[in-house]
Amino acid sequence: MLNRQQGFSLLETVLAMAIGSILLLASARFLPALQAAVLQQTRLQTLEDDLWQRLWAVAKQLQRAGYCNGNCTGQPLVISSSGECVIMQWDANSNGRWESSASSEPEQTGFRLQNGALETLRGATSCTGRGWEKTTDPAQMFVSRFNVTMRQTPGYAPQLTVALAASLPSDAGTTVNAVLDITGYNL
1 MLNRQQGFSL LETVLAMAIG SILLLASARF LPALQAAVLQ QTRLQTLEDD LWQRLWAVAK
61 QLQRAGYCNG NCTGQPLVIS SSGECVIMQW DANSNGRWES SASSEPEQTG FRLQNGALET
121 LRGATSCTGR GWEKTTDPAQ MFVSRFNVTM RQTPGYAPQL TVALAASLPS DAGTTVNAVL
181 DITGYNL
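Counting in UniProt numbering, the sequence shown runs from 1 upward without gaps.
Possibly wrong hints are sitting among the right ones.
Claimed, not checked - Okay, derived cross-link-like pairs now, SDA-like style, lysine to any residue, Cα gap no bigger than 25 Å in a straight line:
#1 K60 to D137
#2 K60 to Q152
#3 K60 to G184
#4 K60 to N186
#5 K60 to S144
#6 K60 to G70
#7 K60 to N95
#8 K60 to A36
#9 K134 to N177
#10 K134 to D50
#11 K60 to Q5
#12 K60 to N71
#13 K134 to T42
#14 K60 to A172
#15 K134 to S80
#16 K134 to N71
#17 K60 to T120
#18 K134 to T73
#19 K134 to W56
#20 K134 to P169
#21 K60 to V176
#22 K134 to I79
#23 K134 to Y185
#24 K60 to S80
#25 K134 to N95
#26 K60 to T73
#27 K134 to Q152
#28 K134 to G70
#29 K60 to Y185
As the list claims (entries may be wrong) - Simulated DEER-style distance windows between Cβ atoms:
#30 Q41 to T183: 30 to 38 Å
#31 P32 to Y185: 47 to 55 Å
#32 L31 to Q75: 57 to 65 Å
#33 Y185 to T46: 52 to 60 Å
Calculated from the structure, these hints are not laboratory results. Since the model is a prediction, treat every value here as computed from it, not as a measurement. Built from N, CA and C at the ideal position, the CB exists for glycine as well.
Model the full assembly from the supplied sequences, consistent with the hints where possible.
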């Protein structure tokens, strides 16, 4: 009496192993491309997050521009002709005047685009000169555009638009743009 065995034959097992090997090789080729795409997307998302963080920092200073708890003299906001530099002042200590840059606590803040970096200077009186600090690292983020414009509509507070554009130094072809509109209630 023969005992009949159940299961796969040798041919079926070899065929299943061949199909499995082909699938593993295909996925092995696909996985590095997927990882590279995920890494690139993560870098772009980090760039966009950093760009928005810088944009909000500038916007917060612009919203404060012109605040005075008394009789302040001078211009609360100076935007360069190209819009790539802005200097604002506001009464941070509420003493009724804008402290000059010679003070230990100057109440002017400037932002400018210089050599692919967004720079800031406390106590700024002009868009040129030394002492400006980089708020972005050109090795991590190349800022290609910083622009501030102001629109004045009669009867309303001025509207300020801040635009930033940056790219990764390793991928200059992909640019991330961020634009924010602010109301200058104190201007």
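Margin query: Check whether the Cα positions of K134 and I79 lie no farther apart than 25 Å.
Written below: holds (19 Å)
Margin query: Need the status of pair K134, D50: alpha-carbon distance at most 25 Å?
Written below: The given pair, whose Cα atoms are some 14 Å apart, holds under the 25 Å limit.
Next item on the list: Would you mind confirming whether the straight-line C-alpha gap from K134 to Q152 stays at or under 25 Å?
Entry: Between K134 and Q152 the Cα gap is close to 31 Å, so the pair fails against 25 Å, i.e. violated.
Check: Do the alpha carbons of K134 and T73 lie within 25 Å of each other, as the hint requires?
Finding: violated (29 Å)
Next item on the list: Compare the distance between the alpha carbons of K134 and G70 with 25 Å, and conclude whether the hinted pair is satisfied.
Entry: With a Cα-Cα distance of about 33 Å, the restraint between K134 and G70 is violated, given a limit of 25 Å.
Margin query: Next pair to validate is K134 with S80; report whether the Cα-Cα distance is within 25 Å.
Written below: holds (19 Å)
Checklist line | Cβ distance range 47 to 55 Å for P32 and Y185, holds or violated | finding: holds (53 Å)
Next item on the list: Sort out whether G70 lies within 25 Å of K60, counting only the CA atoms.
Entry: holds (21 Å)
Check: Given the hinted pair K60 and A36, is their alpha-carbon gap at most 25 Å?
Finding: Given that 25 Å is the threshold and the Cα spacing comes to 36 Å, the pair is violated.
Item checked: Restraint check for K134 with N71, where alpha carbons must lie at most 25 Å apart -> violated (33 Å)
Margin query: Holds or violated: K60 and Y185, Cα atoms, limit 25 Å.
Written below: Status holds; Cα separation ~12 Å.
Check: Regarding the pair K60 and A172, is the alpha-carbon distance no greater than 25 Å?
Finding: violated (29 Å)
The structure fails to meet hints 8, 11, 14, 16, 18, 23, 25, 27, 28, 33 from the earlier list, while all remaining hints are met.
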